[in-house]
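Take a look at the letters that make up each chain.
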Amino acid sequence: MTLTADASPGVKPARPKGASFDPIFQGLCFAAATALLAALGGVIVTLAIGGWPAFQNMGLGFITSSEWNPVTDVYGAAGPLVGTIITAALALALSLPIAFGVAIFLVELCPTVLRRPIGTAVELLAGIPSIVYGMWGLFVFAPFFSKHVQVPLMTAAPVGSVWEKLVAGVPNGTGILAAAIILAIMILPFMAAMLRELLLTVPPQVRESAYGLGATRLEVVSSVTLPYVRRGAIGAVMLGLGRALGETMAVTFIIGNSHGFPKSIFDSGSTIASTIANEFTEATSVAHTSSLLALGLMLFVITFAVLGLARLLIGQSKH
Amino acid sequence: MKSARATQRQIANGLFSAGCYLVTFIALAFLAAILWSLLTQGLGGLDMAVFTQDTPAPGSEGGLRNAILGSLMMCVMGMLGALIIGVLAGTWLAEYAGDSKYGAVVRFLNDVLLSAPSILIGLFIYGILVAPFGGFSGYAGAAALALLAAPVITRATEDVLLLQPGALRESAVALGTPLWRTILSVLWRSAGGGILTGALLAFARITGETAPLLFTALNNQFFSLDMGKPTASLPAVIYQYALSAYDDWRRLAWAGALLIAITVLAVTIIARFVAREPRRS
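For the record, the sequence lines run as chains C and D.
Using my numbering, the letters of the first sequence map in sequence onto residues 8 to 326.
Using my numbering, the letters of the second sequence map in sequence onto residues 227 to 507.
Same shape as in the complex, but just chain C (with noise of 0.2 angstroms):
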């Protein structure tokens, strides 16, 4: 925007009454602008700083370690940095087919008067705060759970099995595998809403020359509609992953909140979102308040790897 004049001598340049305001007005907007970048700075460099001290003293045994005892304020990250990968791979792992199949039975199959009501839900399921489904999964999912399915399993498994080894625990409906599928529900209409929002950018007539050559429904889906969104649906599938591995409350209720290693999948665990929402008010010595902080770090870091692939993948599908 450069309002400049003709050089003519002696003629004052026109100028739009009031146009003096506009570089303030600018410097404001850009000020709003580094406000927000100023903000995810500040994030990095309060969690490096406050969580130096942890890596200083305990060195690589921090991320190597999996003792964490604030009683004798020995602390070694592996646990929650083991947990929080297993649930989100865990949750990513049984959301995934589903969310996929959500998205397409909404694009390609779902009878067009049950099209608009069934999206509508989805995106609105979306929203809801994840309390409650953290509440849910404590009060209604956990005791179904662990009658149904992990105490039968537990009798089922032959002594001395590795199926033995793998659903051992105790058998109360919290643990590790029942974190991880409490996030799957979570995420499941997020990214079936994101998924369903792609495949509707494909053209109808890439779709329909498909059909029209005799393809069926699955070789359309396969080989067109999919691989026409295929970056977008990366994306989409990390960003949903950025979510899991980032959730605090759904897992907080439900993992168990014991720190060490995970023995198997019912086992109770950790996540380092749940091992900071349950510690950080409680913590009383600076080892545990920094080792807690370069928790959030670490987080942040496998967040920001993640959340960062899947902008640049959805940016490069929109151009």
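Treat the hints as calculated values from the structure; they're not laboratory data.
Note that the structure is a prediction, hence the values are computed from the model and not measured.
Here a beta-carbon is modelled for each residue, glycine too, at the ideal position from N, C-alpha and C.
Watch out, some of these pointers could steer you wrong.
Said to hold, decoys possible - Simulated DEER-style distance windows between Cβ atoms:
| id | chain 1 | residue 1 | chain 2 | residue 2 | range |
| --- | --- | --- | --- | --- | --- |
| 1 | C | P211 | D | L388 | 20 to 30 angstroms |
| 2 | D | A330 | C | A163 | 51 to 61 angstroms |
| 3 | C | L319 | D | G324 | 18 to 28 angstroms |
| 4 | D | T266 | C | S73 | 40 to 50 angstroms |
| 5 | D | E287 | C | T119 | 47 to 57 angstroms |
| 6 | C | W59 | D | G285 | 52 to 62 angstroms |
| 7 | D | L265 | C | P30 | 48 to 58 angstroms |
| 8 | D | Q234 | C | R122 | 23 to 33 angstroms |
| 9 | C | K154 | D | S416 | 51 to 61 angstroms |
| 10 | C | K24 | D | G324 | 41 to 51 angstroms |
| 11 | C | I56 | D | I310 | 24 to 34 angstroms |
| 12 | C | T291 | D | Y247 | 28 to 38 angstroms |
As the list claims (entries may be wrong) - Covered stretches of chain C, as calculated for chain D (at least 3 residues, CB under 8 angstroms):
| id | region |
| --- | --- |
| 13 | 33-39 |
| 14 | 134-140 |
| 15 | 175-187 |
| 16 | 219-225 |
| 17 | 279-293 |
To be verified - Distance condition first, Cα-Cα at most 20 angstroms in a straight line; then the derived EDC-like pairs of lysine to aspartate or glutamate:
| id | chain 1 | residue 1 | chain 2 | residue 2 |
| --- | --- | --- | --- | --- |
| 18 | C | K270 | C | E74 |
| 19 | D | K327 | D | D280 |
| 20 | D | K455 | C | E289 |
| 21 | C | K24 | D | E396 |
| 22 | C | K270 | C | E171 |
| 23 | D | K455 | D | D280 |
Since the structure of chain C is provided, determine the placement of chain D on it from the hints.
Using the frame of chain C, we list chain D on its own:
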């Protein structure tokens, strides 16, 4: 006559379609189950006392008045901050940044901030507003919520401003209007519906946020209008009460969860309605 290949393709297709129906049914069943427990468990605890009395000690009568009020105060204050930052930042991205490198960086990092784990935002606000100033406060809670809502509004503002026709800008400039006036009275006005939709979605997002409030606003058992002190909020009270061993506390937690879910759903539906309005006319 059908070849074996054609039959095979049709069977594969049939299985695939059946699978899609099945997983959609499973997904809807889970989500219906959640809504059902929310309604059955929450409606039982939802009475007038919830709105007129404060959070009780275990075993005594009480409601959620202070928590509802605290949530409302922090969300409204957070939204005010987020609107100022978000609308201005979105305007900068749409009107001034163009294809500049800095604009691309802000756009990218805003998208990352948009989906960053909310608990980390809580830790950050704890580090800059709670620890140095000696205590948990409602203002810190509001700041954390503002930081969660701002990226949503920034994104919505930029998107909707970019949709405004260039002729709108040119006609305002041709009348001799300075750029800032053009933005204020022409662009913002014509983009108002979209910005409002973004703001409502941001509001829906922060009403249910729990994690960032745990280290910023903490909680408060008593009625208080002073945001300089620890402030109660619905999500924090739900968290505390749901994990307690007392039946009446759990009943209140379900009622609170139902209240939050209804609020979020209502605001989201209004947002969708607002978003559709201009297209009709």
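Results for each hint:
no., hint, result
1, P211/C - L388/D: 20 to 30 angstroms, "25 angstroms, holds"
2, A330/D - A163/C: 51 to 61 angstroms, "56 angstroms, holds"
3, L319/C - G324/D: 18 to 28 angstroms, "20 angstroms, holds"
4, T266/D - S73/C: 40 to 50 angstroms, "41 angstroms, holds"
5, E287/D - T119/C: 47 to 57 angstroms, "51 angstroms, holds"
6, W59/C - G285/D: 52 to 62 angstroms, "46 angstroms, violated"
7, L265/D - P30/C: 48 to 58 angstroms, "55 angstroms, holds"
8, Q234/D - R122/C: 23 to 33 angstroms, "30 angstroms, holds"
9, K154/C - S416/D: 51 to 61 angstroms, "58 angstroms, holds"
10, K24/C - G324/D: 41 to 51 angstroms, "26 angstroms, violated"
11, I56/C - I310/D: 24 to 34 angstroms, "28 angstroms, holds"
12, T291/C - Y247/D: 28 to 38 angstroms, "55 angstroms, violated"
13, 33-39, "holds (count 6)"
14, 134-140, "holds (count 7)"
15, 175-187, "violated (count 0)"
16, 219-225, "holds (count 3)"
17, 279-293, "holds (count 5)"
18, K270/C - E74/C, "14 angstroms, holds"
19, K327/D - D280/D, "52 angstroms, violated"
20, K455/D - E289/C, "18 angstroms, holds"
21, K24/C - E396/D, "17 angstroms, holds"
22, K270/C - E171/C, "11 angstroms, holds"
23, K455/D - D280/D, "17 angstroms, holds"
This entry does not satisfy hints 6, 10, 12, 15 and 19, going by the numbered hints stated previously.
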